[in-house]
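There are 2 protein chains.
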Amino acid sequence: MRYKITFSYDGSNFHGYQVQPGLRTIQNELEKAVSYLNRQEKTSVQSSGRTDGGVHAIEQVAHFDLNIEIPEYKIKLGLNSLLPQDIHIINVSKVPNDFHARFSTKKKEYIYKINIGEYNPMMRNYIYQYGKELDIEKMKKAIHFFEGTHDFTSFVSSEDKREDKIRTIYKTNIKKQKEIITIVFQADGFMKYQVRNMVGLLIEIGSGKRKIQDVEKIILKKNRNSSIKIAPAEGLYLRKVWY
Amino acid sequence: MRYKITFSYDGSNFHGYQVQPGLRTIQNELEKAVSYLNRQEKTSVQSSGRTDGGVHAIEQVAHFDLNIEIPEYKIKLGLNSLLPQDIHIINVSKVPNDFHARFSTKKKEYIYKINIGEYNPMMRNYIYQYGKELDIEKMKKAIHFFEGTHDFTSFVSSEDKREDKIRTIYKTNIKKQKEIITIVFQADGFMKYQVRNMVGLLIEIGSGKRKIQDVEKIILKKNRNSSIKIAPAEGLYLRKVWY
Numbered sequence: 017m018r019y020k021i022t023f024s025y026d027g028s029n030f031h032g033y034q035v036q037p038g039l040r041t042i043q044n045e046l047e048k049a050v051s052y053l054n055r056q057e058k059t060s061v062q063s064s065g066r067t068d069g070g071v072h073a074i075e076q077v078a079h080f081d082l083n084i085e086i087p088e089y090k091i092k093l094g095l096n097s098l099l100p101q102d103i104h105i106i107n108v109s110k111v112p113n114d115f116h117a118r119f120s121t122k123k124k125e126y127i128y129k130i131n132i133g134e135y136n137p138m139m140r141n142y143i144y145q146y147g148k149e150l151d152i153e154k155m156k157k158a159i160h161f162f163e164g165t166h167d168f169t170s171f172v173s174s175e176d177k178r179e180d181k182i183r184t185i186y187k188t189n190i191k192k193q194k195e196i197i198t199i200v201f202q203a204d205g206f207m208k209y210q211v212r213n214m215v216g217l218l219i220e221i222g223s224g225k226r227k228i229q230d231v232e233k234i235i236l237k238k239n240r241n242s243s244i245k246i247a248p249a250e251g252l253y254l255r256k257v258w259y
Numbered sequence: 017m018r019y020k021i022t023f024s025y026d027g028s029n030f031h032g033y034q035v036q037p038g039l040r041t042i043q044n045e046l047e048k049a050v051s052y053l054n055r056q057e058k059t060s061v062q063s064s065g066r067t068d069g070g071v072h073a074i075e076q077v078a079h080f081d082l083n084i085e086i087p088e089y090k091i092k093l094g095l096n097s098l099l100p101q102d103i104h105i106i107n108v109s110k111v112p113n114d115f116h117a118r119f120s121t122k123k124k125e126y127i128y129k130i131n132i133g134e135y136n137p138m139m140r141n142y143i144y145q146y147g148k149e150l151d152i153e154k155m156k157k158a159i160h161f162f163e164g165t166h167d168f169t170s171f172v173s174s175e176d177k178r179e180d181k182i183r184t185i186y187k188t189n190i191k192k193q194k195e196i197i198t199i200v201f202q203a204d205g206f207m208k209y210q211v212r213n214m215v216g217l218l219i220e221i222g223s224g225k226r227k228i229q230d231v232e233k234i235i236l237k238k239n240r241n242s243s244i245k246i247a248p249a250e251g252l253y254l255r256k257v258w259y
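Chains as they are written, first to last, in my numbering: chain H, 17 to 259; chain Z, 17 to 259.
Please note that the accuracy of each hint is not assured.
Which copy is meant is left open, because identical chains are indistinguishable; a pair holds if it fits in one copy or across any two.
Distance condition first, Cα-Cα at most 25 Å in a straight line; then the derived DMTMM-like pairs of lysine to aspartate or glutamate [unchecked claim]:
hint, residue 1, residue 2
1, Lys129, Glu75
2, Lys148, Glu75
3, Lys129, Glu195
4, Lys194, Glu125
5, Lys48, Glu134
6, Lys129, Asp102
7, Lys157, Glu195
8, Lys192, Glu75
9, Lys154, Asp176
10, Lys129, Glu250
11, Lys48, Glu179
12, Lys177, Glu85
13, Lys92, Glu149
14, Lys181, Glu57
Please keep in mind that the hints were generated in silico from the structure rather than gathered at the bench.
Looking at chain H on its own, in the form it has when it is part of the complex (with noise of 0.2 Å):
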């Protein structure tokens, strides 16, 4: 019996997603609690991808298998009676036995906060604190480059060991709400650290020390040696997945 679960979770205190030992993330909180409903059975549960420590994710989904038959509803009620409180089930529903939660994603969507008035100690955790001017609509010109289909090896980690680092992305947005600037991407896929490297990029052009053009000669370069200041963990949302 496959399940497809969609969930959010403030990321602040965890070591991000992916089990590691002897520290908390949200796959070994997630496998813990799924395991004990699948009548303490270990099972492992499978999400669309990993976030890193301090991101957070508005609709991640995952899947699972459990040996049992489970109505969604209680699913769903006994997972959230025993996940921590930065970890909440928002829906269940029984999927074939085909469906991936990684390997049939369509499209995600990533959202980045940044506020750029006055610090704010209850946000602290869940915006990026810049609080300077930020010529945003420099900004705006500037994101429509990273629209297509690029290698972006220029804004991947190292540690990202993927061969293809082609991804096509489909929609870029950049809202201004008082002193809150929201930078949204959809695309097929996402690197470790593309799009908080993006963003350090767009960063640096809203503040004047980089050039708009700038964006196209990064992405032709195909290297991680551009020194871009990577955008901080704490304005990272994984908003949704479609499939």
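Fit chain Z to the supplied structure of chain H, relying on the hints for placement.
Frame of chain H; chain Z shown alone:
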């Protein structure tokens, strides 16, 4: 030299505002930082009033006296570098010696936030996660009965020993944005647990457990045995203090 500070704090990890030996409080942290600036001389910091553990402030106000004159922007920088990440000084200004953060207040505003939608792990310390429907039209009718000058004994903690429990509520408001309800109270002053008990009663009215007329009835009773379920601290914010 008397200085007025406007500051914000995340109340989640504090045992309230007031100094308590051995416990982390906002006043403790402020007095440590201010005393350091004041040539290591123990200096008291007087706020507009206390807030309880878990309660936040968007613009709290306090005053203190320094033996030396320091430019206002330097006090702001100095205090923010000394204070922990969950307190932030927004503004510093020199004030006449008869200014008193507590006794000179003219008006205060508190807001209370309720999430009637799905539990949000990112907001677990910053909103009351009620998670069920509330009849906002009933609540809007009910809140008007709090306006004006009343004896608020029925809504005040028995720990509040002040004789005079008469206060004037100048203005109230209830807004709903998506699944977040924000309740606003402006008054000449508030007593311990008063806002959280008023909100508790409004929630009981919105959920159908009590009637709109109960606001007036409970005010007139003038005793704390009305068994209102107090609303939790994490939804409450001191928003502004007027002088």
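Cross-check of the supplied hints:
In this assembly of identical chains, the alpha carbons of Lys129 and Glu75 lie at most 25 Å apart whether taken from the same copy (16 Å) or from different copies (22 Å). Taking the shortest alpha-carbon separations for Lys148 and Glu75, only the inter-copy value of 20 Å comes in at or below 25 Å, while the best intra-copy value is 30 Å. In the homo-oligomer, the alpha carbons of Lys129 and Glu195 lie at most 25 Å apart both inside one protomer (10 Å) and across protomers (21 Å), since each shortest distance falls under that limit. Taking the closest pair of Cα atoms, Lys194 and Glu125 come within 25 Å of each other both inside a single copy (23 Å) and across two copies (21 Å).
For the identical chains of this complex, Lys48 and Glu134 are inter-copy neighbours only, at 23 Å across copies versus 40 Å inside a copy, given an alpha-carbon limit of 25 Å. For the identical chains of this complex, Lys129 and Asp102 are neighbours both inside a copy (19 Å) and across copies (19 Å), given an alpha-carbon limit of 25 Å. When the C-alpha separation of Lys157 and Glu195 is checked against a cutoff of 25 Å, the pair qualifies only within one copy, where the shortest distance is 19 Å, while the shortest distance between copies is 34 Å. Proximity of Lys192 and Glu75 under a CA criterion of 25 Å is satisfied in both settings, with 22 Å inside one chain copy and 23 Å between copies.
Neither within a single protomer nor between protomers do Lys154 and Asp176 lie at most 25 Å apart by alpha-carbon distance, with minima of 30 Å and 55 Å respectively. When the C-alpha separation of Lys129 and Glu250 is checked against a cutoff of 25 Å, the pair qualifies both within a copy, at 9 Å, and between copies, at 23 Å. Taking identical chains as interchangeable, the C-alpha atoms of Lys48 and Glu179 are never at most 25 Å apart, the minima being 32 Å within one chain and 54 Å between chains. Proximity of Lys177 and Glu85 under a CA criterion of 25 Å is satisfied in neither setting, with 38 Å inside one chain copy and 58 Å between copies.
Taking the closest pair of Cα atoms, Lys92 and Glu149 come within 25 Å of each other only across two copies (19 Å); inside a single copy the shortest separation is 43 Å, beyond that limit. In the homo-oligomer, the alpha carbons of Lys181 and Glu57 never lie at most 25 Å apart, since the shortest distance is 37 Å inside one protomer and 59 Å across protomers.
In this structure, the hints that do not hold are numbers 9, 11, 12 and 14, in rising order.
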